[in-house]
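J.: Could you build the full structure based on these sequences and the hints that come with them?
Spelled out, the chains give:
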Amino acid sequence: MSDPAVRLCGLRKSFGGVHAVTGVDLDIADGEFFAMLGPSGSGKTTVLRMIAGFEAPTSGTVELGGADVTRLAPFERDVNTVFQDYALFPHMDVLGNVEYGLRVKRVPRAERRGRALAALASVRLEGYERRRPGQLSGGQRQRVALARALVNRPRVLLLDEPLGALDLKLREEMQVELKSIQREVGITFLFVTHDQEEALTMSDRVAVFNEGRIEQVGTPAEVYERPATAFVASFVGTSNLISGEAAQAVLGKEGTFSVRPEKLRVAALGDPVDGAEHSATGTVSEVVYAGPATRFVVELDAGGRLIALQQNLQVSSMDVTGLRGTRVRLVWQRRHEFAIVP
Amino acid sequence: MTRALRRRLAAFLHRHAGVRLSLLLSAPMLWLGVAYLGALAALFLSALWSTDTFTGDLVKEVTWANFQELLTAEVYRTITLRSVGVAAAVTLIDLVIAFPMAFAMAKLASPRAQRWLVIAVLTPLWASYLVKAYAWRVLLSSDGVLGWGYGLTATVITLSYLWLPYMILPIYAGLERLPNSLLEAAGDLGARGWRTFRTVVWPLAFPAVIAGSIFTFSLSLGDYITVKIVGGRSQLIGNVVYDNIGAAGNLPFAAAVATVPVVIMLVYLAAVRRTGALENL
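Those protein sequences? They're chains E and L, same order as listed.
Note that full-length UniProt numbering gives residue 144 to position 144 of the first sequence, counting from 1, and the numbers run on in steps of one.
Note that full-length UniProt numbering gives residue 42 to position 42 of the second sequence, counting from 1, and the numbers run on in steps of one.
Simulated from the structure, these hints should not be mistaken for lab results.
Wrong hints could be hidden among the right ones.
Just so you have them, the derived chain L footprint on chain E, three or more residues with Cβ under 8 Å [unchecked claim]:
# : region
1 : 77-86
2 : 98-106
Label-pair restraints from in silico Cβ distances [unchecked claim]:
#  : chain 1 : residue 1 : chain 2 : residue 2 : range
3  : E       : 90        : L       : 34        : 35 to 45 Å
4  : L       : 24        : E       : 167       : 35 to 45 Å
5  : L       : 22        : E       : 211       : 56 to 66 Å
6  : E       : 234       : L       : 115       : 32 to 42 Å
7  : E       : 317       : L       : 9         : 14 to 24 Å
8  : L       : 97        : E       : 131       : 36 to 46 Å
9  : L       : 274       : E       : 90        : 43 to 53 Å
10 : E       : 131       : L       : 115       : 32 to 42 Å
11 : L       : 145       : E       : 211       : 55 to 65 Å
12 : L       : 274       : E       : 138       : 44 to 54 Å
13 : L       : 85        : E       : 18        : 47 to 57 Å
14 : L       : 137       : E       : 131       : 51 to 61 Å
15 : L       : 128       : E       : 18        : 44 to 54 Å
16 : L       : 115       : E       : 58        : 23 to 33 Å
Cβ atoms here follow ideal geometry from the backbone N, Cα and C, with glycine treated the same way.
T.: Rendered as structure tokens:
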């Protein structure tokens with residue numbers, strides 16, 4: 001097993017009296033597509049900037065491929081960054097932007113041109129070489145930024161909210177495209193996002209950040225299905241917690257438990273429940289019809305509330321909206337409920 | 001005006017955007033047309049007149065004699081070149097001093113420090129021009145603190161001091177608009193400080209530098225007070241104009257001399273325009 005592409009040890013950063021990052025340890029393997037997910041102010045961008053070299057850590061170390069780079073300047077590190085605002089040089093054309101890094105490294109002209117054109121082709125921007133960034137759309141700029149970084153063949157590519165400025169349709173397209181580009185070039189991608197769906201769909205592993213620390217690291221399925229803490233449960237997906245007296249009454253045990261909304265089945269009060277299942281009765285207080293699925297908010301008789309997501313297999317909005325106020329039984333399999341740290 | 005009438009007027013203006021615009025623009029257009037362009041036209045016209053050598057009266061007949069003298073007499077050519085040289089030197093010195101200061105203000109200082117630095121740069125503008133010029137006279141006099149004496153060098157130093165804020169502020173504003181991420185991107189792609197400056201900061205701040213240089217260059221070109229206070233016996237274009245208005249009483253010739261800096265500035269602006277810098281002002 002070779003050294004990890006990125007290794008963070010006890011990383012801390014304070015700005016004045018504000019503790020932005022309060023102790024982060026993390027290993028990211030070579031070739032991994034890794035997401036750092038968290039709300040704004042959770043420290044994920046600061047960690048990215050410390051890996052890029054734009055911020056010096058207050059304490060702790062950053063290793064790239066086994067070498068300590070904590071005290072190195074950005075231009076001495078084998079990483080490249082796709083900036084949130086893309087940071088394309090407005091006075092250079094697309095080719096000038098993509099060639100910039102190679103020109104700095106004194107790559108001969110012919111090779112430089114060839115690599116830049118290949119990078120532009122890999123992001124499907126042939127024919128745009130002579131355009132200025134100001135003449136491109138948001139999605140095209142995003143791809144120029146990607147080509148400008150990838151052309152240097154860095155050990156790690158850092159992406160700061162890479163899709164944040166794009167509209168929904170384009171964002172979904174780019175999610176797929178980024179993933180396939182990463183598979184093609186085989187470079188470690190490390191990206192920062194506050195969008196849980198983006199993190200879950202694109203990455204091999206996710207680190208969930210909160211208040212300058214990592215709450216959980218795991219595959220998207222692990223983080224989503226088995227959130228380790230209440231924060232992860234609420235930030236990744238919809239928080240659906242059973243705790244306190246309700247936990248005693250419904251589950252017969254102490255603690256805080258999480259069940260994902262789509263694991264809940266909305267059933268009639270008298271429906272049978274088998275031994276592998278748990279159930280709770282309650283009253284539907286809200287019904288939200290959302291096209292492919294319907295969201296039921298159920299106030300439990302035992303206290304607290306759960307949200308159940310039901311696919312609209314056979315029903316339409318006419319059928320479901322009339323269910324507000326009815327008494328129902330929520331049923332779920334025991335293996336889908338998890339104890340979490342509150 | 002009654003309430004109803006006011007309301008009708010407001011409604012009329014709301015519906016007729018053209019009328020509204022012309023009312024709003026009339027004062028500035030009047031200022032530009034009459035006070036500025038009109039005065040310039042009057043200047044050019046009177047430059048074509050002459051004075052009677054014996055009586056000193058104005059002779060309102062068109063003649064190119066003033067311009068002929070201006071172009072042929074050695075002394076005026078020397079003074080013009082000297083004035084351009086002084087203006088260029090002041091601009092260059094101000095640029096060299098102002099750019100690092102503006103960069104530190106815009107990119108290195110904290111937001112709080114930034115506000116104080118802008119105030120610090122503006123403060124000298126609150127003091128009278130004359131007070132500052134005389135302060136330099138005292139500093140530079142041969143028994144003063146610096147004791148370098150008067151002359152062209154003293155003039156350049158004093159003018160550089162006087163116009164420095166006019167160079168700092170546009171460059172500061174230009175660098176302030178420059179996103180930090182562009183500097184980081186250059187570093188991220190392997191560029192060190194000097195290369196980042198040469199390939200990213202300078203080209204993008206260039207329009208702001210031009211804006212500053214227009215101030216420092218034109219203000220220096222037209223100055224005649226500083227050179228009187230610290231210039232010793234040296235003369236600049238402004239002095240020639242001033243002397244012809246006052247002592248010589250030859251207004252038409254003063255007007256002809258005054259067109260020289262106007263023409264130089266027009267040439268400068270035309271040259272700058274070719275670089276495309278004016279489009280980004």
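J.: It remains to establish, for every hint, whether it holds in the given structure.
T.: Each hint tested on the structure:
1. 77-86: It holds: at least three residues are needed, and the region 77-86 of chain E offers 6 whose Cβ sits within less than 8 Å of chain L.
2. 98-106: holds (count 4)
3. E:90 <-> L:34: 35 to 45 Å: Because 40 Å falls inside the window, the suggested range holds.
4. L:24 <-> E:167: 35 to 45 Å: With a Cβ separation near 38 Å, residue 24 of chain L and residue 167 of chain E satisfy 35 to 45 Å, so the hint holds.
5. L:22 <-> E:211: 56 to 66 Å: Because 59 Å falls inside the window, the suggested range holds.
6. E:234 <-> L:115: 32 to 42 Å: With a Cβ separation near 40 Å, residue 234 of chain E and residue 115 of chain L satisfy 32 to 42 Å, so the hint holds.
7. E:317 <-> L:9: 14 to 24 Å: Violated, since residue 317 of chain E and residue 9 of chain L (Cβ atoms, about 54 Å apart) do not stay within the stated range.
8. L:97 <-> E:131: 36 to 46 Å: holds (38 Å)
9. L:274 <-> E:90: 43 to 53 Å: Violated - the Cβ-Cβ distance for residue 274 of chain L and residue 90 of chain E, about 20 Å, lies outside 43 to 53 Å.
10. E:131 <-> L:115: 32 to 42 Å: Hint holds: Cβ distance 39 Å, inside 32 to 42 Å.
11. L:145 <-> E:211: 55 to 65 Å: holds (58 Å)
12. L:274 <-> E:138: 44 to 54 Å: violated (33 Å)
13. L:85 <-> E:18: 47 to 57 Å: 53 Å Cβ-Cβ, so the 47 to 57 Å window holds.
14. L:137 <-> E:131: 51 to 61 Å: Since residue 137 of chain L and residue 131 of chain E have Cβ atoms about 57 Å apart, the given range 51 to 61 Å holds.
15. L:128 <-> E:18: 44 to 54 Å: holds (45 Å)
16. L:115 <-> E:58: 23 to 33 Å: holds (27 Å)
Of the hints listed earlier, those the structure fails to meet are numbers 7, 9 and 12, in rising order.
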